[in-house]
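Could you build the full structure based on these sequences and the hints that come with them?
One point on numbering: in this note's numbering, the residue at position 133 of the sequence shown is 133, and numbering is uninterrupted.
Read the hints as simulated data drawn from the structure, not as lab findings. Glycine included, each C-beta is placed from N, C-alpha and C at the ideal position. Treat the hints with care, as some may be off.
[Claimed, not checked] Between beta-carbon pairs, the in silico distance windows are:
{"hint": "1", "residue 1": "D39", "residue 2": "S103", "range": "32 to 42 Å"}
{"hint": "2", "residue 1": "P80", "residue 2": "A50", "range": "18 to 28 Å"}
{"hint": "3", "residue 1": "K84", "residue 2": "F29", "range": "17 to 27 Å"}
{"hint": "4", "residue 1": "S103", "residue 2": "A50", "range": "15 to 25 Å"}
{"hint": "5", "residue 1": "E93", "residue 2": "A50", "range": "26 to 36 Å"}
{"hint": "6", "residue 1": "F158", "residue 2": "K84", "range": "17 to 27 Å"}
{"hint": "7", "residue 1": "D32", "residue 2": "A74", "range": "15 to 25 Å"}
{"hint": "8", "residue 1": "T89", "residue 2": "Q52", "range": "26 to 36 Å"}
{"hint": "9", "residue 1": "S57", "residue 2": "G102", "range": "30 to 40 Å"}
{"hint": "10", "residue 1": "A72", "residue 2": "P37", "range": "31 to 41 Å"}
[Unchecked claim] For lysine-lysine, the following DSS-like pairs were computed, each having C-alpha atoms within a straight-line distance of at most 30 Å:
{"hint": "11", "residue 1": "K124", "residue 2": "K84"}
{"hint": "12", "residue 1": "K114", "residue 2": "K84"}
{"hint": "13", "residue 1": "K114", "residue 2": "K124"}
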Amino acid sequence: MRLPAFSRSLGLAALLAMSGAALADAPVFVIDQSQLPFDLGPGAPENAPARQSNLPSAAGNSSANAANSSAAYANSPNNPANSKRVLFTAEGEVVGYYAENGSGTLNVFTATGKRAFYRPRGTKSLFSNAGQWCGTVAASQGSGFAFGITRACAPQLFR
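In structure tokens form, the structure reads like this:
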């Protein structure tokens, strides 16, 4: 497995000695949209892709917004703080990380720092940079999140 830049700083020996769950607080898994409760899916009004505040053109969500770019240090894979917000699979593979932009948008980045998804403020949904509904975000045990990604959108994160 190729380790992301933010993980390499932890040291290879330390990484091999720890399980994925010990490294990260955000499990990520593929979901079947039809199996989700209504309030987590795109049919719920606050999660609708067509809702103005969920659109990729909304200022807080826009990939053109510097606060959403991996070029911003806060979102960079080289930012040590992001090593505490990594996304990991059930097998313990690190596939990305997440960072909030300060205005409530949660950005999901690949391990190499490319923005894959965003969660607008006030929703439980993940959207692609093109505005496609791609999954859901739920609070997990402790202080982190759990990310459910649809099979159609999974290739944007799992490379």
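Quick check: which numbered hints come out false for this structure?
-> Those not satisfied are hints 1, 2, 7 and 9.
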